[in-house]
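Asker: Sequence:
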Amino acid sequence: MATVLAIPATRAATFAAMSAALTGFTPDFIAPPVDPNQLHAHLLHHIDELAGTTSVDQLLAQFTVLQAHGQTSQQIADVMLGISPSSHAPAAQLAQSIVKLWYLGSWYPPGSTSAFDGNVVSSQAYVGGLAWRAMQAHAMGDSPFKFGDWTSAPPSLAEFGADVPEHKS
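Position one of the sequence shown corresponds to residue 1 (my numbering), numbered consecutively onward.
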C-alpha cells in the first residue's frame, strides 16, 4: 500500500466518515490523522474497481444527505444497510459488502448470501480487518504487541477503535 492512490481527499474523507458510521468504529480509527498505510483509500480504490465508481458515488451522496439532515451514526447505518426501513436495494447491498470488506478484508459481491463468495483484496486489508479489533485480537503472523503481552488484561474495545461508550466502574 505504499503507492499513493489518486483519490480526491474529500472523496476519501467522505468514504472514511461513511465507513465509520457503517462499521461502528471511530472516524479517527478508520482514517487516522497520521496513516502511512491509508487503508481507507486502499479499500475505496478496490471498491471502485469491483462495484463501479458510479455506484460508490451514489452511496457517498446518500451518506452526505443523511449526515446533513443531522442523523446519528446509528441512524445512518440503519438506513444505508437496509435495516430501518428494511430494504434489499442495490445501495443497501453495496453498503453491506463494504461492511464485510472492512471487517473481513474480503470482498463479497453485493447481494451475495454465500459464506464462501469472498475474495481477500490484499494482505493489508486482511491484517487491517476490523474483526480482529472487535475480537481484541490480531491476524495470525501479525501483531502490534510485544512478547509477553498475554500476561496483561486486553485493552478495552474503545482502545481498539470501537465507537462504544466507556463503562464507569
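Source of the hints: derived by calculation from the structure; they are not laboratory data.
For every residue, glycine included, the Cβ atom is placed at its ideal position computed from N, Cα and C.
Some clues are possibly wrong.
Label-pair restraints from in silico Cβ distances [as the list claims (entries may be wrong)]:
hint : residue 1 : residue 2 : range
1    : Val-120   : Thr-53    : 19 to 29 Å
2    : Asp-57    : Ala-153   : 37 to 47 Å
3    : His-88    : Ala-131   : 16 to 26 Å
Computed cross-link-like contacts, DMTMM-like style, restricted to lysine to aspartate or glutamate with a CA-CA straight-line distance of at most 20 Å [claimed, not checked]:
hint : residue 1 : residue 2
4    : Lys-100   : Glu-49
5    : Lys-100   : Asp-57
6    : Lys-100   : Asp-48
7    : Lys-100   : Asp-163
8    : Lys-100   : Asp-78
9    : Lys-100   : Asp-117
Asker: Which earlier hints turn out false for this structure, listed by number in ascending order?
Answerer: none
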